[in-house]
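Colleague: Just so you know, the sequences run in chain order V and X. For what it's worth, our numbering labels the leading residue of the first sequence as 314, then goes sequentially. For what it's worth, our numbering labels the leading residue of the second sequence as 1008, then goes sequentially.
The set of hints was computed from the structure by calculation and includes no laboratory data. Don't be surprised by glycine CBs; every beta carbon is placed ideally from N, CA and C. Take the hints with a grain of salt, since some may be wrong.
To be verified - Derived, one-sided and incomplete: chain X residues facing chain V with beta-carbon distance under 8 Å:
hint	residue
1	L1151
2	L1349
3	A1410
Said to hold, decoys possible - Only pairs whose alpha carbons sit at most 27 Å apart, straight line, appear in this in silico DSS-like list of lysine-lysine:
hint	chain 1	residue 1	chain 2	residue 2
4	X	K1175	X	K1226
5	X	K1313	X	K1175
6	V	K480	X	K1123
7	V	K480	X	K1401
8	X	K1368	X	K1401
9	V	K320	V	K551
10	V	K568	V	K400
11	V	K500	X	K1375
12	X	K1375	V	K519
13	X	K1175	V	K499
14	V	K480	X	K1430
15	X	K1175	V	K500
16	X	K1175	V	K320
17	V	K500	X	K1241
18	V	K519	X	K1123
19	V	K480	X	K1241
20	X	K1368	X	K1313
21	X	K1368	V	K480
22	V	K519	V	K568
23	V	K320	X	K1313
24	X	K1226	X	K1123
25	X	K1401	V	K499
26	X	K1175	V	K519
27	X	K1430	V	K519
28	X	K1430	X	K1401
Said to hold, decoys possible - The calculated label-pair distances, taken between Cβ atoms and stated as ranges, are:
hint	chain 1	residue 1	chain 2	residue 2	range
29	V	L366	X	S1309	30 to 40 Å
30	X	R1160	V	L505	42 to 52 Å
31	V	R460	X	S1309	38 to 48 Å
32	X	E1471	V	I316	48 to 58 Å
33	X	A1232	V	F475	35 to 45 Å
34	V	Q370	X	G1053	52 to 62 Å
35	X	S1222	V	R460	36 to 46 Å
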Amino acid sequence: MIISYAKGDSLLHRLNPLAKLTAVFAACTLLFLMGSVLSSLATLTAVVAVAFLTGNQRVLQVMRTKFAGFLGLWLILANAIFTPGGKVLLTIPLYFFHITITDLGLATGIIMAVRFLAIFLVSALFVSTTEPAALVYSLMRRGLPYRYGFMLVVMLRFAPVFEREMKTVSNAQKMRGLEIDKHGVKKLYRSLRFTLVPLIVSALSKVESLVMSMEGRAFGYRPVRTFTFEDRYEPRDKALIFVSLAAIILVLAGKAIGWQWSHGPMF
Amino acid sequence: MLDCESLACLPESPLDKMATELNVSGESAPARPVISIRNLSFAFNGEANRALRNISLDIFPGEFVVIAGPSGCGKSTLSMAMAGHIPHVVEGRAWGGVFLDGTDTRQLDLSDMAAKVSLCQQDPEGQFCTLTVDDEVSFGPENLALPAEEVVRRRDASLAAVDCLHLKGREILQLSGGEQQRVAIASMLAMEPEVLILDEPTSSLGPDAALEVWSAIEKLRSASAMTIVVIEHKLNCLLALADRLIIMNGGEVVLDGPPEQIHAQYQLMLQPRPPAPVPWQPRRMPEAGGRETIHVRDLYFSYGEKQILRGISLRAEAGEFIGIVGSNGSGKTTFLSCLTGLNRSSSGEVEVEGIDVTRAKVSTIARKAGFVFQSPNHQLFESTVVAEVAFACKNFGIDGEAAARRLMEEYGITRYFQCHPLKLSHGEKRRLNLCSVLPHDPAILLLDEPFIGQDAANTARIIEDLLRLKRAGKTVVMVSHDMDTVFDYCDRVVLFDEGRILVDEAPAQAIEAIRALGKRAFLPGERRA
Chain V
314 MIISYAKGDS LLHRLNPLAK LTAVFAACTL LFLMGSVLSS LATLTAVVAV
364 AFLTGNQRVL QVMRTKFAGF LGLWLILANA IFTPGGKVLL TIPLYFFHIT
414 ITDLGLATGI IMAVRFLAIF LVSALFVSTT EPAALVYSLM RRGLPYRYGF
464 MLVVMLRFAP VFEREMKTVS NAQKMRGLEI DKHGVKKLYR SLRFTLVPLI
514 VSALSKVESL VMSMEGRAFG YRPVRTFTFE DRYEPRDKAL IFVSLAAIIL
564 VLAGKAIGWQ WSHGPMF
Chain X
1008 MLDCESLACL PESPLDKMAT ELNVSGESAP ARPVISIRNL SFAFNGEANR
1058 ALRNISLDIF PGEFVVIAGP SGCGKSTLSM AMAGHIPHVV EGRAWGGVFL
1108 DGTDTRQLDL SDMAAKVSLC QQDPEGQFCT LTVDDEVSFG PENLALPAEE
1158 VVRRRDASLA AVDCLHLKGR EILQLSGGEQ QRVAIASMLA MEPEVLILDE
1208 PTSSLGPDAA LEVWSAIEKL RSASAMTIVV IEHKLNCLLA LADRLIIMNG
1258 GEVVLDGPPE QIHAQYQLML QPRPPAPVPW QPRRMPEAGG RETIHVRDLY
1308 FSYGEKQILR GISLRAEAGE FIGIVGSNGS GKTTFLSCLT GLNRSSSGEV
1358 EVEGIDVTRA KVSTIARKAG FVFQSPNHQL FESTVVAEVA FACKNFGIDG
1408 EAAARRLMEE YGITRYFQCH PLKLSHGEKR RLNLCSVLPH DPAILLLDEP
1458 FIGQDAANTA RIIEDLLRLK RAGKTVVMVS HDMDTVFDYC DRVVLFDEGR
1508 ILVDEAPAQA IEAIRALGKR AFLPGERRA
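Go ahead and model the full structure; you've got the sequences and the hints to work with.
Modeller: Below, the structure written as structure tokens:
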């Protein structure tokens, strides 16, 4: 499943891109700062609830993908087997050695898997509800040098163009009998060689054209430029930024003065 | 190299005399040229030959100048020099000078020049650097750090000038070819230049979209005193608009003067001459006994939820030359892809040489049908011309060496035997593309816009090649925006419209049918009026 921006009018779509980015940053930070199964599950539940309440439940399909399932299971098993310490829950005797599963190992595995899923989900929610160009323009309005910002805009602009060109090159290869769907290292080498050359040639000609177009419209000749893009911050955006930053500060302050955020590996 | 002082001392040239004649205000003093080129020669880095040779030229305020000439004659290079991209962006060795309002372009910043001369390039898609129409048109004024209100004013005025105000808020990728080209022009107009240079603005557009662009340029011409320079191969639509026609050849200006007179002289210069048009015959019916090579019945195809082809039925015989015409996005290229199995149809029958395309592998169809794609560079894979010609045979496991050599001789590219294909000119690459799909002897040839970017001489050569293949019994199916060529040489004209076939007739009957439909843009030039 490929996660990409999908047009919509949900609350998440209407939030300012930078306010959402701050919330994503806060969620990921809190997941690492509050290291218990309960707090990680609570964060995951909150993310799922946000997806449902804002009508973006399509994103939750990532939880059902084979990749998410396999990685989550692998994280639990690997940590349960290889994390030392804690109370022994189970011992599996083998011929040369024993596998010992402890409560600490199991809890660490669950925390890692839940963290992974929560980060995956929160990122997917952000990507699917944030127009990439709007994010870059917001960043430029907030201080990102516009020369770097437009590198990102140009990348976004040409990604679908090159995707289409790659398809054309692949079709041209097929029509000349090059079967790129066959396996093997030699086939892979041939496929790469015959695909890369036409694509690079095309990219270089586009670069020249683009440079002339941008420089011919005075790009880069003033230290600052005007932006007509409206970077609006509604009260809800400001509230989201405030809550996100306050949560991080609260947890960090608590850690500094010795608050216990977890009582044992599970809670 | 000349400087401003030496320019002022130059004696009055025939061009200066013309400037006096063209001075519309009727004042006796000659107009001062907005662009003045003096003894300009230019060679690209790494190239021994000069792309421009000793060019002296004046462009006067308010003039509409058309520059034409064969491919590779230096038209685009000259436009880059006029817009200041040479020497500021494109590197090479230059002699002589280009003067903008009397100042040498080497002494000006590109940003200073950007507000005076704008160059709209051939491929609009390649020059867009943002994702929406609003951002693209605002891009230049924003770079000039103008106040936001002024940027918005310029954006709206520029879009209005090319009748594109309704495109505000749209994404660039959603625009049709004609809309893209008009937005590209608007994005240059937003710089409010004194001179607008358009490099082959309609070369990749369908005839209807091309008419939209020409009408926008005509409106611009009548509504403003802007100097407009257009580089173009197809002169039909432009002669009535132009004040002056310049013909280039081999990097030099060879003709310069009133459009009608210069056009007549240019026609006599063209070599090779296009072959004589094929006399129009009544349409042959496949039932008449010819060998059927293509059979399509009730074909439907969609990309996701977007329906592209809606019930296409078409049959073709060996030795038929079929021209498919229609607007950009009407489904012509998708149809060719369905014939080869590159696109799998949603429903319907597709048979090529008796093979059911819906079930066969692409490689099986590829042995029966050669496909020449639109862009020459997307289908050049090998490092030598001979390897390129033999590429398909090698993949099919056929010994194609002898066939490749014979074809290279036939197509006049033997002298490039060991050259890298990318070193060939645009026209030669096109012939190499055609030559490269033939060694394994396919019965059917599918061509997608073979004449884009080709001058009259190259077009004539390609037509000769296609007529020879038709005589050899091949079925040739060609998608083209060149109505004159399609009507002059094809046995049948097929008009696509929104995924349907509206007309499928011999040229004489197709003219009547298309006229009855009111789609005059798809008639050959002299029948459009």
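Colleague: Are the hints correct? Go through all of them and say.
Modeller: Okay, the hints, checked on the actual structure:
1. L1151: holds (5 Å)
2. L1349: holds (5 Å)
3. A1410: At about 14 Å, which exceeds the 8 Å cut-off, the nearest Cβ of chain V leaves the hint on X:A1410 violated.
4. X:K1175 <-> X:K1226: OK: X:K1175 and X:K1226 at ~20 Å, within 27 Å.
5. X:K1313 <-> X:K1175: Given that 27 Å is the threshold and the Cα spacing comes to 23 Å, the pair holds.
6. V:K480 <-> X:K1123: violated (40 Å)
7. V:K480 <-> X:K1401: Given that 27 Å is the threshold and the Cα spacing comes to 22 Å, the pair holds.
8. X:K1368 <-> X:K1401: Since the Cα atoms of X:K1368 and X:K1401 sit roughly 18 Å apart, the hinted pair holds (cutoff 27 Å).
9. V:K320 <-> V:K551: It holds: about 23 Å lies between the C-alpha atoms, which stays within 27 Å.
10. V:K568 <-> V:K400: It holds: about 26 Å lies between the C-alpha atoms, which stays within 27 Å.
11. V:K500 <-> X:K1375: Holds, because 23 Å separates the two Cα atoms, which is no more than 27 Å.
12. X:K1375 <-> V:K519: violated (34 Å)
13. X:K1175 <-> V:K499: violated (50 Å)
14. V:K480 <-> X:K1430: The given pair, whose Cα atoms are some 24 Å apart, holds under the 27 Å limit.
15. X:K1175 <-> V:K500: Distance ~47 Å between X:K1175 and V:K500 Cα, so the pair is violated.
16. X:K1175 <-> V:K320: Holds, because 17 Å separates the two Cα atoms, which is no more than 27 Å.
17. V:K500 <-> X:K1241: violated (44 Å)
18. V:K519 <-> X:K1123: holds (24 Å)
19. V:K480 <-> X:K1241: violated (31 Å)
20. X:K1368 <-> X:K1313: holds (25 Å)
21. X:K1368 <-> V:K480: holds (17 Å)
22. V:K519 <-> V:K568: With a Cα-Cα distance of about 53 Å, the restraint between V:K519 and V:K568 is violated, given a limit of 27 Å.
23. V:K320 <-> X:K1313: Holds, because 17 Å separates the two Cα atoms, which is no more than 27 Å.
24. X:K1226 <-> X:K1123: holds (20 Å)
25. X:K1401 <-> V:K499: holds (15 Å)
26. X:K1175 <-> V:K519: holds (25 Å)
27. X:K1430 <-> V:K519: holds (18 Å)
28. X:K1430 <-> X:K1401: holds (23 Å)
29. V:L366 <-> X:S1309: 30 to 40 Å: holds (34 Å)
30. X:R1160 <-> V:L505: 42 to 52 Å: Once the Cβ atoms are compared, 50 Å apart, the range 42 to 52 Å for V:L505 and X:R1160 holds.
31. V:R460 <-> X:S1309: 38 to 48 Å: Given about 42 Å between the Cβ atoms, the range holds.
32. X:E1471 <-> V:I316: 48 to 58 Å: holds (53 Å)
33. X:A1232 <-> V:F475: 35 to 45 Å: Holds: the Cβ-Cβ distance is about 41 Å, inside 35 to 45 Å.
34. V:Q370 <-> X:G1053: 52 to 62 Å: holds (58 Å)
35. X:S1222 <-> V:R460: 36 to 46 Å: Taking Cβ atoms as reference, X:S1222 and V:R460 lie about 38 Å apart, which means the hint holds.
Figure legend: structure checked against the earlier numbered hints; hints not met, in rising order: 3, 6, 12, 13, 15, 17, 19, 22.
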